[in-house]
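Sequences listed follow chains A and B, in order. If you're matching positions, the first sequence starts at 1 in this note's numbering and goes up one per residue. If you're matching positions, the second sequence starts at 1001 in this note's numbering and goes up one per residue.
Think of the hints as simulated: they come from the structure by calculation, not from any bench. Since the model is a prediction, treat every value here as computed from it, not as a measurement. Any given hint might turn out to be false.
[Unchecked claim] Mimicking SDA-like on lysine to any residue, the simulated pairs with C-alpha atoms at most 25 Å apart in a straight line are: (1) Lys-138/A with Ser-1231/B; (2) Lys-1242/B with Tyr-31/A; (3) Lys-1058/B with Asn-24/A; (4) Lys-138/A with His-1230/B; (5) Lys-7/A with Asp-99/A; (6) Lys-1242/B with Thr-143/A; (7) Lys-50/A with Val-1006/B.
[As the list claims (entries may be wrong)] Just a sample of chain A residues kept apart from chain B, beta carbon distances all over 12 Å, derived: (8) Glu-4; (9) Asp-97; (10) Tyr-117.
Using N, Cα and C, we set each Cβ at its ideal position, and we do this for glycine too.
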Amino acid sequence: MINEVLKQLLRLVLLLFIQVLIINNINLSPYVNPYIYVLLLMMMRVNVPKAQSLLIGFGLGMLMDVFSSTVGIHTFATTLVGYIRPRFLALSLNKEDFDGNIEPNIANKGFVWFFTYAFSIIFVHSLALFFLEVYSMKEFFATMQRVLYSTGVTLMMIVLGQFLFFTVKPSHD
Amino acid sequence: MRNIIVFIYKYYVFLLFLLLEFFSLYLIYRYNTYQRASFINFSNGVSGNVFNTVANFKSYFRLRQINDSLQLENARLRSELFTSYYNNEIRDFKVNDSIYKQQYTYIAAKVLNNSVNRRNNYLTLNRGKIHGVKQQMGVICDNGVVGIVMGVSDRFCTVLSLLNSNAKISAKIADNNAFGSLVWDGDDPTTCRLLDVNKHVEVENGKRIVTSGFSTIFPENIPIGEVYTHSLEAGDNFHTIKVKLATGFGNLTSVYIINNFYKEEMDSLETEAQTRLTDDK
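Isolated chain B (complex conformation) (with noise of 0.2 Å):
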């Protein structure tokens, strides 16, 4: 016993210096994976104040351009609005919508905080659980997709960027519906590769690249950007493409989070059937 003490009061500072590693190492481990919420969430109460106040200050700086973004926008909704359409029958309205029932709605939010150089890129958003907001919501902006919401605090949210090594979006061709996912290679924060086209399928520079709305969290068609470069390598099943994204993230202000109302019953869906599929095995 005396012996321990004795060993204890030698190396203590070793010994406390592999009991904060492993300490960090257990949080590392522990939040790294996809659901790292709750320290978030803790962590985004503190420092989402401070970047409250700072991104205040700088979006007085960005307004003309955020008004130009505004009205930009306005006239791309005016566009789409019912009484700009010519209503020759009522089937041509059926977007996402099918009987009127309102499938997807909209929270705006301004980004208080964000990055593109590191691997793993996270925002910071002003809207949180008080706003409606709740963990696997997506986020865009007018250009495209910008991630999907992570954390959520009362009164803010920290979004997993598309610049992240753990984001993976199902994308496919707009024009011939050839899907894929999207990834970050974590070098070009203006790029990202699209994986998994099968060789068959036509691929041409320029193409637009959307979301294909195989998941619960972004609708379909939300412009992701446009294919940039592509090849095929000999005896390679798939397609190397690269993706210009549209969304600037070096400069984003404002995004909406998209609220999905069927989302639960879709995904309970999807659980359930998985189960049942792996009880028959």
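Looking at chain A on its own, in the form it has when it is part of the complex (with noise of 0.2 Å):
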């Protein structure tokens, strides 16, 4: 338990890091703004009580909004996330899966499944980010372009990201 807590720390600082002091500093094009930080949300255990779940999405929203220099945006989107991410696990994972308490990445349930998950995760995340972000419905099509690169390049870090961490089996589905 403890040594749980102290990985979810470590990673916690580790991709504010990334985030806030590498990634916040390419600017690559208005349209992309990758926010890879909402993999800590992902890569909990599956049986993170759902009150839990929120309120580190909350907390870490907040956090993120500290370094961003805004107000809000970060912590209502990463509340979301936390608020969907019980439910889409509960809809796409088996009795075993949560009988295992596994850590929902890539090595433990195959490309497809992992990829399903991310994006819909982070789909979410930076549409409720980014809208906010604009705080209008004025340039509706401008934002909904941001919302889908950015989600684009996210998606391909965290998936990235994956496959350089952990060996993936071939999909047994």
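Could you use the hints to bring the two separately framed chains together as a complex?
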């Protein structure tokens, strides 16, 4: 248990470091802003209680808001992710996975499942984030482009990261 | 009563979710308005120190570039000294300080954090309350306008970048004094749009755009950029003007915060006039 908490804290520091000090400084285009820090929420073990998942999302968003001089937008998006994550897992995982309390990564669940999982989470996160940042519907299509491109790049980074850290078994379904 | 408790127990996750989301929406709503300083002031103190450390590293790698720009600026300033003018009449010197009363002073600051690729961009600078920075002060760099100070903590301040949907700066075409307001579209960090320039005004590509000096934030004639493209739609009363910005927002390192000594006097006069108008109605 202590081990698990330490691991998550380490991950938090590392992800924030990469996000705030490296990725936020890469100005690819106004349409591409990858936010890989949601990985922390995605990689929590599957049996984390729903309320805890919400609160972790809330805290993570607050922290991110502080570091990007914004107010509330990251908090809203990550809390939303914290809410839908357990529901997505309940729909798409079987009993074994919950009994084993696995970590939902690419090694445990295979490429296809992880890709869908990551896409859903990142898309919801980006959708909430970018629309709240613009704070109006006036530039709907520009904002939508922003959402799609950023989702794509974030997804790519996260999936490639998975290949970097885990050995992938051939998909078992 | 018991039913309520059962209800809360049953749906407590959902209720917690709603509570947290409403709280963040409240924050967004509350601080998305122009005056969102108090929260920023707090978060500045926390993140400012982190950004400060990183900026120290980064500025080391840019020393050559910074030296070059400083040298250029020194040369420019030197050419503006009293001694570099040929003095034939004393009246030539009254720029903004008619009877040699200083109106503007400049506080040099270093950029700690900056972004250009979001819809709403902000900068963090390493100057704050103890250096005399206040809200609503203008920020410029040696090439042109950068933004407006929004939140101030003891040692840091956040600046609303020109590249922000909330930024609107009063600008004019340098040659003919036709004025309009400058806003950012959100797609290209090197261009802005100049709105509200009347159609009878002549516009040409390459004409210089400068600050109008109508607000109390920027002095007159600070460069902003030059006309990049312009067009006049049939039936439209205003020009559509794209302005190529003089400030390179991508690699800002040193900026100046403008302190206007007469700001309060001018502002209070204007609000007084405004309230008198509404009272009359």
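Do the hints match the structure? See the list:
1. Lys-138/A with Ser-1231/B: holds, 23 Å
2. Lys-1242/B with Tyr-31/A: Judged against 25 Å, a Cα distance of about 20 Å means the pair holds.
3. Lys-1058/B with Asn-24/A: holds, 14 Å
4. Lys-138/A with His-1230/B: holds, 23 Å
5. Lys-7/A with Asp-99/A: Given that 25 Å is the threshold and the Cα spacing comes to 21 Å, the pair holds.
6. Lys-1242/B with Thr-143/A: Since the Cα atoms of Lys-1242/B and Thr-143/A sit roughly 21 Å apart, the hinted pair holds (cutoff 25 Å).
7. Lys-50/A with Val-1006/B: Roughly 18 Å between the alpha carbons, so the hint for Lys-50/A and Val-1006/B holds.
8. Glu-4: Non-interface label stands for Glu-4/A: nearest chain B Cβ at 21 Å, farther than 12 Å.
9. Asp-97: holds, 20 Å
10. Tyr-117: holds, 20 Å
Hint check: no violations occur; every hint is consistent with the structure.
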